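A.B. asks: Spelled out, the chains give:
Number of protein chains: 2
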Amino acid sequence: MAREASIENVAEQDLLALAAKALGSFGVKPDDANAAARILVMADMFGIHTHGVGRVASYGERLRIGGIAVSPEIRTEKPAPALAKVDGANGLGPVVGMHALQAAMAAARECGVGVAFASGSNHFGPISPYSYLAAQEGFASIIASNATTTIAPWGGSDARLGNNPMGFGIPHPGQDPILLDMAMSVVARAKIRRALELGQAIPDTWATDRAGRPTADPRAALDGFLLAIGGHKGYGLALMVDLFAGLLSGAAYLTHVKSWVDNPEAPQNLGHFFLLIDAKLLGSPTWLAQRIADFGAILHASPAADPAHPVIVPGEIEMRKFHQAEREGVPVEAKVMAELRALAG
Amino acid sequence: MAREASIENVAEQDLLALAAKALGSFGVKPDDANAAARILVMADMFGIHTHGVGRVASYGERLRIGGIAVSPEIRTEKPAPALAKVDGANGLGPVVGMHALQAAMAAARECGVGVAFASGSNHFGPISPYSYLAAQEGFASIIASNATTTIAPWGGSDARLGNNPMGFGIPHPGQDPILLDMAMSVVARAKIRRALELGQAIPDTWATDRAGRPTADPRAALDGFLLAIGGHKGYGLALMVDLFAGLLSGAAYLTHVKSWVDNPEAPQNLGHFFLLIDAKLLGSPTWLAQRIADFGAILHASPAADPAHPVIVPGEIEMRKFHQAEREGVPVEAKVMAELRALAG
Chain R
1 MAREASIENV
11 AEQDLLALAA
21 KALGSFGVKP
31 DDANAAARIL
41 VMADMFGIHT
51 HGVGRVASYG
61 ERLRIGGIAV
71 SPEIRTEKPA
81 PALAKVDGAN
91 GLGPVVGMHA
101 LQAAMAAARE
111 CGVGVAFASG
121 SNHFGPISPY
131 SYLAAQEGFA
141 SIIASNATTT
151 IAPWGGSDAR
161 LGNNPMGFGI
171 PHPGQDPILL
181 DMAMSVVARA
191 KIRRALELGQ
201 AIPDTWATDR
211 AGRPTADPRA
221 ALDGFLLAIG
231 GHKGYGLALM
241 VDLFAGLLSG
251 AAYLTHVKSW
261 VDNPEAPQNL
271 GHFFLLIDAK
281 LLGSPTWLAQ
291 RIADFGAILH
301 ASPAADPAHP
311 VIVPGEIEMR
321 KFHQAEREGV
331 PVEAKVMAEL
341 RALAG
Chain E
346 MAREASIENV
356 AEQDLLALAA
366 KALGSFGVKP
376 DDANAAARIL
386 VMADMFGIHT
396 HGVGRVASYG
406 ERLRIGGIAV
416 SPEIRTEKPA
426 PALAKVDGAN
436 GLGPVVGMHA
446 LQAAMAAARE
456 CGVGVAFASG
466 SNHFGPISPY
476 SYLAAQEGFA
486 SIIASNATTT
496 IAPWGGSDAR
506 LGNNPMGFGI
516 PHPGQDPILL
526 DMAMSVVARA
536 KIRRALELGQ
546 AIPDTWATDR
556 AGRPTADPRA
566 ALDGFLLAIG
576 GHKGYGLALM
586 VDLFAGLLSG
596 AAYLTHVKSW
606 VDNPEAPQNL
616 GHFFLLIDAK
626 LLGSPTWLAQ
636 RIADFGAILH
646 ASPAADPAHP
656 VIVPGEIEMR
666 KFHQAEREGV
676 PVEAKVMAEL
686 RALAG
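From first to last, the protein sequence lines stand for chains R and E.
Going by the numbering used here, the first residue of the first sequence is number 1, and it counts up by one from there.
Going by the numbering used here, the first residue of the second sequence is number 346, and it counts up by one from there.
Since the hints were derived computationally from the structure, they do not count as laboratory data.
Since the model is a prediction, treat every value here as computed from it, not as a measurement.
Among the clues, some could well be false.
[As the list claims (entries may be wrong)] Some residues of chain R that are not near chain E, with every Cβ distance over 10 Å (derived):
#1 S157
#2 T286
#3 P331
#4 M337
[What the hints assert, rightly or not] Computed cross-link-like contacts, PhoX-like style, restricted to lysine-lysine with a CA-CA straight-line distance of at most 20 Å:
#5 K335(R) <-> K21(R)
#6 K280(R) <-> K625(E)
#7 K366(E) <-> K666(E)
#8 K78(R) <-> K366(E)
For every residue, glycine included, the Cβ atom is placed at its ideal position computed from N, Cα and C.
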């Protein structure tokens, strides 16, 4: 009851306008504010509230103290027809992300494939919104970003690697796309905190203690480092994301990425990687739609190990929430709505 | 002693010639036999002996019964400047793989980025050799293939997904590239077999029993399915590899992929995905070499949790073995050498 009372359902357009106005209160130009609001509102529509409009206040904090540039002059270079480099000029992450998405789309329209490397950026929200927008235009995508260091190298004992997210999108003509958006840790830190509150041990595959040793003690784990999925495999994936999104893009990487929390006033120089492929060149929309429907049907037909949890295809949960938000409004915490309204004035 | 006695060290060029001649004995044309031998010999040089010249006999078995085409007419189409589609015509996997690698390289030379989708293929060996060859020419790469179904969907209870490999390569001008080549299961089936032999329980994150329930019993696990890294995350990754390498390429996917073991005479119609990016367009060789050296140094400097196991960067072990094989010859089991010599006649 308390939980229900604290949620407001807000019409998508109203939330977009409110979030953009709130960002505008920090001096962000209308086009940029609209672009950033679009990504954050989509995050909430997908149910990824940790990356939704609740971020406006923390983005604003950094805009206010100069950690993020209010009026960045974002520049796009084309070293080759299918390749773009976007200098985000320390702008808001979602603004830089949308520039890079557009640059990769333009290159993919021209060449069939487009890659954009972005540098000089900040936290760009979740990946699903970008993958969704790409899929709506008929593009398959691989998108990734580096992040503040929170993970120890496999076998190491201090934080030198981000919990770098990687996302994939596959267009399904006339239907919802397949979307996967994942970070490389086994679990989020919040899950370890919950175990501590409940006085429960955790699997020793979730995290290490401060010395880099696997631990089942949630307290030691919170003092230590998240483990990546599959041990050395997830370590390798997180590192490859940083190589593509950070090192090759010309952005910061590994420990060169400044912490948002410890150095809020310093530019982070995060980097992103966008690969888009024009799926319309691979076959007709009917061909693609039939194959993707068949693909999903094969997976769904695997008898569930637990009948209460049928097999799902990545993105199904997010798209269900997305359509519900379109119909019934976007669920936002009342506390967040109050913040946004105060900022929008 | 028994182990040492069973290994021969063979000069790289001699092994290449012998493997090509052995493949030729099945009717494979010299160019194709050389291309396939090159990939298999490199696999042995990297220490990936499960995917090395020991495969010649099993490839040959399928060539002999018509499961793999002896003289495929491989066709490359260019739907757009940066995009190639390669129809492997049921040729040997490494032959189709090399065609796709060349097509992606040509597109990336022209456009900065090149993608090749291959269909009508077979087991194409490990990914590291392709990533290495791409890196030697200055290309960063993401390469993937689908495979025979051995993994149950997350929460499902029958094999509908391959243990699909994905590989990454980053060129390091004047030095060894960074290489990551991984399948999506937590462990290989062989590791579960070893636990059974030793009478040991296994972590319940490695595999499920036949009903799709996590199990610590190696016997039940061998009757069941390998689990993917990170549960639903590795499931999502394996599925994305199949979507790019299988579905978008026009190849078979999921359960449409025929089993090599159960249907050796049927074309598998496997698919591969090659993305190449010309890293020379992103900065000078000096710029790139300095950044990659710094990247490696940062990771290596993380104090090891276990001093006997310092932190490594993916590809270091493989490249060490590679150079040792260049100097001292490629280590091959005497049994495999005898097979190759018998075939080469």
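A.B. asks: Now look at each hint and say whether the structure bears it out.
C.D. replies: Going through the hints against the structure:
no., hint, verdict
1, S157, "5 Å, violated"
2, T286, "14 Å, holds"
3, P331, "23 Å, holds"
4, M337, "31 Å, holds"
5, K335(R) <-> K21(R), "17 Å, holds"
6, K280(R) <-> K625(E), "29 Å, violated"
7, K366(E) <-> K666(E), "25 Å, violated"
8, K78(R) <-> K366(E), "46 Å, violated"
Violated hints for the displayed structure, listed by number in ascending order: 1, 6, 7 and 8.
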